[in-house]
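Peer 1: The primary structure of each chain is shown beneath.
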Amino acid sequence: MNKSRREFVKKGAVAGAITAAGVSAWLKDQGIKEAGEKVKLLSQDGQLIEVDKAFLKLHAQANSEILAKNTMGREGIPGRKFVMVVDLSKCNNARKCVTACQKMHYLPEDKEWLNVKLMKDNEQSAPYWFPKMCFHCDNPPCVKVCPVDATFKRADGLVLIDNQRCIGCKFCMAACPYSTRVFNWDEPDLSQEVKDLPYSPETSVPSQHGTVEKCDFCPDMVRKGKLPDCVTACPNGVFYFGDEIEDAVTNGDETVRLSELLRDRAGYRFMEDLGTKPRVYYLPPTGRMFPVERGFKDLTEEQKERYKDVNLD
Amino acid sequence: MNFKETTQNLLKELAPTIEKFTWKDWLWTISLSLVILWGMYALYLQIARGHEVTGMRDNVVWGLYVANFIFFIGISYAGAIISGILHLMNLEWRKPIIRIAELITVIATIIGPLYILLCMGRLDRLHYLFIYPRLQSPITWDVIAILTYLVGSVIFLYLTLIRDFSILSTQQLNIGLKRKRIYRFLSLGFKNTSEQKVLLKVSTNIMAIIIIPIAIVVHSVLSWIFGMTLRPGWHSTIFGPYFVLAAVYSGTGVMILAMYFFRRLYGLQRYITKKHFVYLGYIMIMLGAGYGYFTFSEYLTDWYSSEKWNTELIDKLFNWQEYGGLFFFANVAGILLPFIVIGIPKLRTIESITLVSALMVLAMWVKRYLIVVPTLETTLIPMQETRPEYIHYTATWLEWALTFAGIAAFILMFKLASKFIPIIPIWETSESIKKKTSAIDTNVDLKSVTHA
Ligand code: SF4
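Chains as they are written, first to last, in my numbering: chain R, 1 to 313; chain C, 1001 to 1452.
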């Protein structure tokens, strides 16, 4: 980052909100030539704006640096309500979502914010693969119990953690009925480059010793107009990400109406009876595309070991 | 025996402990300090290397430390209840033992919360609890309640000490001028005038009343750290009263243990008698009955309604391969044994009462462990985990070292306190003897009270 831009970001953060137009104007001041071609872009405050193509990359960078100031991270993107739909009939435990998530957040191999369980609801019913991430509950048990407001619920539905605030009491971990949260029991093994990245609750990078972290629905990607990495990484299009207010979700290949999808496929929320009101919906594993055994194909011995208690017949 | 004589006698008996630090005292102090040092080394390792050195992991995020926290706050009830309730009921026999009870309260309330600090991943951010407090969180409730409780019990202890400080500063004691001056300063100019007496009495009464609801709040709030979650074995409506009862119960046990040791150590047989043990024993089994009833009711309903996760948890508690042994011990030594030994007159001796109290206190510690750990091992979503330490919690030597360090610190603080302040309240004990021997005296006393 060159010095004057750092200056600018600093000033902007002091001044409070930075408008997209402001960023463009400033970039022009810096003598960067306009390409003349405008591109439509979603700004950090949820507005559709037009930006010159030449500024596009710089815009994104400036944006994420502003985010790093940590104030925006708490408010959420106005006018949006994020949801995820997971189609259980298409999952074959390819684990691409898991590795993509780990790569994106610089997690070691044994730390999974998103993992795939092998579920078997009772003796009679057939087992199925069940990707499980943070459910970003609308009535989050973890947020209620946090003594220092380190984990919070945003207006756009996301439950995020500020690891610069977290005191590591682990109460939220005990309170989460879905065992979603993970703790940094020691100093995370990160390269200096990653350690130097500006932290934001929206990127959750870099991890910090003695604090809690979890799946964040990648709002930094959303701000850049992209889908969370697990969604794009899945070869089977299991994950649909979208906006409840727009009533639309997409898995990257197809965009569908949320309400129709949930109606036609009998979407449900996991453990609805707990009253946590998750923002993740599941489509039941009916008419499955793969036999459940396919999920074992590319697993390591250690990974196979995890599922040994599940009776496959 | 009149008031003066008793005061003299008591002073004479307590003087050696207060006057000099014998080689035995040194031995105690040094060995206890060594245990504490060992714990400090463990603490250093934990801070330097992170919580990785403990047995805690995702899933079982809390372990021995939290069990110790509940345990210490539990035994702190000794003072609140023994001195609070018995004070209000104005039972004479309580007088020689209230100091012990109040000391237990203050010391345990200092040590207990330290264990919560040991659980925190970021001790450097401790002050966030005060600069970013969130009132919705049971932890915030706990911070407020425990701090209030600590201040309250220190005040209560101090109020009952003022008279003794004034006695110590005026009597013939071989303790050097400096210490006498400290005692004089601490006695706040108490000269035993009738006005002062009334003031002191009223304030002690007020504190005795205030400390009881505070104590109840402290343990209820503590139980709600568990009760407010959606976890099997924790999410229970009776957790508040259950914890309160368990706390008083274990507090009485520790009280009996402390009485036994000080009686032996300082030769206080004349003041702490079998009666004290038996009476406290009665209180103990009464509380034990209530505690046993709660325990039964808790597990019976969980088992009978047989919800999925509750059943999973109960299966673990009743399985000899898992927690069966501990669960059995917690209930036999924690509920049945005191009943048998204290309930049958023939078995009721000072030694036997002390022994069952010791076992009961241990059982209550185990019970706290059984509340914390097995529930955390019972996740709602299948763990499907291969790392054994993530599935099953086993405390590491560091956690044990810090546990023993806490117990050692408790005993050491007790011991040192007894070197500085009389472990038997001189004034109150003398007064109660006076009351017994001279009814006229009491009348005079009453008159002066009403006059003022
Ligand atoms: S571990 Fe951190 S995020 Fe969780 S409750 Fe404690 S302070 Fe809040």
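I should point out that these hints are in silico values taken from the structure, not numbers from a laboratory. Even glycine gets a Cβ: it sits at the ideal position worked out from N, Cα and C. There's no promise every hint is true.
Claimed, not checked - Okay, the calculated beta carbon distance ranges per label pair:
hint: 1; chain 1: R; residue 1: 294; chain 2: C; residue 2: 1382; range: 42 to 52 Å
hint: 2; chain 1: R; residue 1: 108; chain 2: C; residue 2: 1328; range: 37 to 47 Å
hint: 3; chain 1: R; residue 1: 187; chain 2: C; residue 2: 1417; range: 37 to 47 Å
hint: 4; chain 1: R; residue 1: 122; chain 2: C; residue 2: 1279; range: 52 to 62 Å
hint: 5; chain 1: C; residue 1: 1044; chain 2: R; residue 2: 224; range: 21 to 31 Å
hint: 6; chain 1: R; residue 1: 123; chain 2: C; residue 2: 1047; range: 43 to 53 Å
hint: 7; chain 1: R; residue 1: 224; chain 2: C; residue 2: 1154; range: 51 to 61 Å
hint: 8; chain 1: R; residue 1: 197; chain 2: C; residue 2: 1026; range: 49 to 59 Å
hint: 9; chain 1: R; residue 1: 187; chain 2: C; residue 2: 1289; range: 28 to 38 Å
hint: 10; chain 1: C; residue 1: 1307; chain 2: R; residue 2: 312; range: 20 to 30 Å
hint: 11; chain 1: C; residue 1: 1198; chain 2: R; residue 2: 275; range: 30 to 40 Å
hint: 12; chain 1: C; residue 1: 1404; chain 2: R; residue 2: 187; range: 53 to 63 Å
Peer 1: So, against the hints stated earlier in the document, which numbers end up violated here?
Peer 2: Per hint list: 1, 5, 9, 11, 12 violated.
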